[in-house]
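Protein chains: 2
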Amino acid sequence: MTNITLIGTGTIGLSFCQLHLSRSATDRITVCDPRADLDSFLSGSEQVSAALREGRVRIARSLEEACSLATDIVQEQGPENEAFKTRLWPRVEALVRPDCLLWSSTSGIPASVQGAGMASPGRLVVVHPFNPPSIMPLIEVVPSPATPEELVRRAVEYFEAVGHRPVVLRKETVGFVANRLAFVLLREAVHLVDEGVVSVEDVDAIVENSIGLRWSVKGPFASYHDGGGRGGLAAFLANIGGTIQSVWDDAGVVNFARDGHDGASWLDKVVKQTGDAYGPVRDESLEYRDRATRRVLEVVRDEKGKASRTE
Amino acid sequence: MTNITLIGTGTIGLSFCQLHLSRSATDRITVCDPRADLDSFLSGSEQVSAALREGRVRIARSLEEACSLATDIVQEQGPENEAFKTRLWPRVEALVRPDCLLWSSTSGIPASVQGAGMASPGRLVVVHPFNPPSIMPLIEVVPSPATPEELVRRAVEYFEAVGHRPVVLRKETVGFVANRLAFVLLREAVHLVDEGVVSVEDVDAIVENSIGLRWSVKGPFASYHDGGGRGGLAAFLANIGGTIQSVWDDAGVVNFARDGHDGASWLDKVVKQTGDAYGPVRDESLEYRDRATRRVLEVVRDEKGKASRTE
Chain A
1448 MTNITLIGTG
1458 TIGLSFCQLH
1468 LSRSATDRIT
1478 VCDPRADLDS
1488 FLSGSEQVSA
1498 ALREGRVRIA
1508 RSLEEACSLA
1518 TDIVQEQGPE
1528 NEAFKTRLWP
1538 RVEALVRPDC
1548 LLWSSTSGIP
1558 ASVQGAGMAS
1568 PGRLVVVHPF
1578 NPPSIMPLIE
1588 VVPSPATPEE
1598 LVRRAVEYFE
1608 AVGHRPVVLR
1618 KETVGFVANR
1628 LAFVLLREAV
1638 HLVDEGVVSV
1648 EDVDAIVENS
1658 IGLRWSVKGP
1668 FASYHDGGGR
1678 GGLAAFLANI
1688 GGTIQSVWDD
1698 AGVVNFARDG
1708 HDGASWLDKV
1718 VKQTGDAYGP
1728 VRDESLEYRD
1738 RATRRVLEVV
1748 RDEKGKASRT
1758 E
Chain B
1448 MTNITLIGTG
1458 TIGLSFCQLH
1468 LSRSATDRIT
1478 VCDPRADLDS
1488 FLSGSEQVSA
1498 ALREGRVRIA
1508 RSLEEACSLA
1518 TDIVQEQGPE
1528 NEAFKTRLWP
1538 RVEALVRPDC
1548 LLWSSTSGIP
1558 ASVQGAGMAS
1568 PGRLVVVHPF
1578 NPPSIMPLIE
1588 VVPSPATPEE
1598 LVRRAVEYFE
1608 AVGHRPVVLR
1618 KETVGFVANR
1628 LAFVLLREAV
1638 HLVDEGVVSV
1648 EDVDAIVENS
1658 IGLRWSVKGP
1668 FASYHDGGGR
1678 GGLAAFLANI
1688 GGTIQSVWDD
1698 AGVVNFARDG
1708 HDGASWLDKV
1718 VKQTGDAYGP
1728 VRDESLEYRD
1738 RATRRVLEVV
1748 RDEKGKASRT
1758 E
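Residue numbers (the working numbering), protein chains in the order written: chain A, 1448 to 1758; chain B, 1448 to 1758.
So here's chain A without its partners, still in its complex pose:
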């Protein structure tokens, strides 16, 4: 049995509550939030509502009531506000056992910043979800440089056990990785709309019917590795590198040369890592890609059809 305390229960907190409840029938969850409508908000979820009646979820009105020596995990998704978080953690630290896991679901304030006032700042680990966390599998696990590997491992194990897909980031990067990649793409999408090349709706249709569909099955490196055929990613980049560089130039994103890297250094690195990760491209790899893509497309079309019929 694990005692989990959730601090801050907006939409993300509620969704995490559902995720934790689905993990085991014995875990107990304490939710702590000053909002006046907390009871009615939690009752908006049937699953949480039932768990409240069964006593598996309880409400705490103060931090002292929410965190105790019986608490195994404290997970925070309060206001995205540095002052709030830096004041919170030393108070939490004083109430829980030394082996209690301390996690923040922040979308941008690194553990090293949040934990500045703690006695053991390395205890704090960011576990950044993708909304809604009860459905989206990604958890970006971002330790601070002071975090022991053991605490990284325990966060990974927890989220693997609920069927999610934790990925550890080795450096505290602005925006972490998923949002960072999305926001860089968004910037270019906004630019193309602003220039009148396409509308907002066109961008969405383009993404849904190309890279969204593809990347739901295989991420960009794996896809481009396939795209190179027998020669894998190296062949792909050799074929299409000129177009890629023209896009980078035209979109105003910097050439790697600007950062003091020559192209060869990153090129070798990504080609080697891709080859190590996926091996040579085999027919089975393309067959998997195509089969999975067709099934995803079928499901999305079916749901789109249903949605348009009920409108």
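Hints are computed from structural coordinates only; laboratory data are not their basis. Be careful, since some hints might not be right.
Note: identical chains are not told apart, hence a pair may lie in one copy or across any two.
What the hints assert, rightly or not - Here are the simulated lysine to aspartate or glutamate pairs, EDC-like style, with alpha carbons at most 20 Å apart:
{"id": "1", "residue 1": "Lys1751", "residue 2": "Glu1731"}
{"id": "2", "residue 1": "Lys1716", "residue 2": "Glu1642"}
{"id": "3", "residue 1": "Lys1719", "residue 2": "Asp1641"}
{"id": "4", "residue 1": "Lys1751", "residue 2": "Asp1730"}
{"id": "5", "residue 1": "Lys1618", "residue 2": "Glu1648"}
{"id": "6", "residue 1": "Lys1753", "residue 2": "Glu1731"}
{"id": "7", "residue 1": "Lys1618", "residue 2": "Asp1730"}
{"id": "8", "residue 1": "Lys1716", "residue 2": "Asp1641"}
{"id": "9", "residue 1": "Lys1751", "residue 2": "Asp1723"}
{"id": "10", "residue 1": "Lys1751", "residue 2": "Glu1511"}
Model the placement of chain B on the given structure of chain A, informed by the hints.
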């Protein structure tokens, strides 16, 4: 009955051949390619092989044999080479009727460049697929500035009729839109790998389990519109705009101010277009998103499970 001539039959040409064959049982396709192994290459597809036996697909060894007054559509996917394409089109133009549709599947050479030597350069329209075109629905329809709207419409109608999703680009943009968005994201992914934040495999896992999954169901603007709740995209950008700008700054992509735009101009434009396209965010919109996302995830997990069991 439509007579379609495909010039250049590598992987993309073969896949288009399959797509055109699936459109109707009466269309006839002529393939023209100098490759010595053309017969055996085409026979690699059961569908095309059967169509060859039935006479629905025939092989032409010269342009004169491939293009005639009976040809309704000429679609080119030859070498990505400006000289090849600019030499090709005046020759084709001289062989076909004035109302024959002329399409190029180029991934980067604009119609206005390819058609420079033609008597009527506006006839040429780019129909850029996403690989493999027999499966991936997106077709980027990119006219030159000289193209009559009627020819744009006919390309759109053709690909809608085969169940694909054509999107018209209103300006000839380097890399078109899907690849452009993908390559901008790739650049940032390469940067994060180069910096040691994540590995190639981590990037793929992150994308598959967050933005890939999400964008297979709803593109970025529609997703961020949902993410703003009742306030839609405007509320989302108001909440998270600071993080987005920090990412743009940190990733070295330019601020819009650099281009002589103040933030407000593009912001108003994308917020208005998003509101017009999707209306206010309703519960049904989130329910659709979550239901479709769960089903996509289920299908991908099922296929991943099968693939790992057969390895």
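Here's how the hints hold up against the structure:
In this assembly of identical chains, the alpha carbons of Lys1751 and Glu1731 lie at most 20 Å apart only when taken from different copies (12 Å versus 30 Å within one copy). When the C-alpha separation of Lys1716 and Glu1642 is checked against a cutoff of 20 Å, the pair qualifies only between copies, where the shortest distance is 11 Å, while the shortest distance within a copy is 35 Å. When the C-alpha separation of Lys1719 and Asp1641 is checked against a cutoff of 20 Å, the pair qualifies only between copies, where the shortest distance is 12 Å, while the shortest distance within a copy is 38 Å. Proximity of Lys1751 and Asp1730 under a CA criterion of 20 Å is satisfied inter-copy only: 16 Å between copies versus 31 Å inside one chain copy.
Taking the closest pair of Cα atoms, Lys1618 and Glu1648 come within 20 Å of each other only across two copies (16 Å); inside a single copy the shortest separation is 35 Å, beyond that limit. Taking identical chains as interchangeable, the C-alpha atoms of Lys1753 and Glu1731 lie at most 20 Å apart only when they sit on different chains, with a minimum of 12 Å there against 33 Å within one chain. Taking identical chains as interchangeable, the C-alpha atoms of Lys1618 and Asp1730 are never at most 20 Å apart, the minima being 36 Å within one chain and 37 Å between chains. Taking CA atoms no more than 20 Å apart as the test, Lys1716 paired with Asp1641 passes between copies only; the shortest distance there is 7 Å, against 35 Å inside one copy.
In this assembly of identical chains, Lys1751 and Asp1723 lie within 20 Å of each other by CA distance solely across copies; the values are 19 Å between and 38 Å within a copy. Taking identical chains as interchangeable, the C-alpha atoms of Lys1751 and Glu1511 are never at most 20 Å apart, the minima being 48 Å within one chain and 45 Å between chains.
When held up to the earlier numbered hints, the structure conflicts with 7, 10 and fits the remainder.
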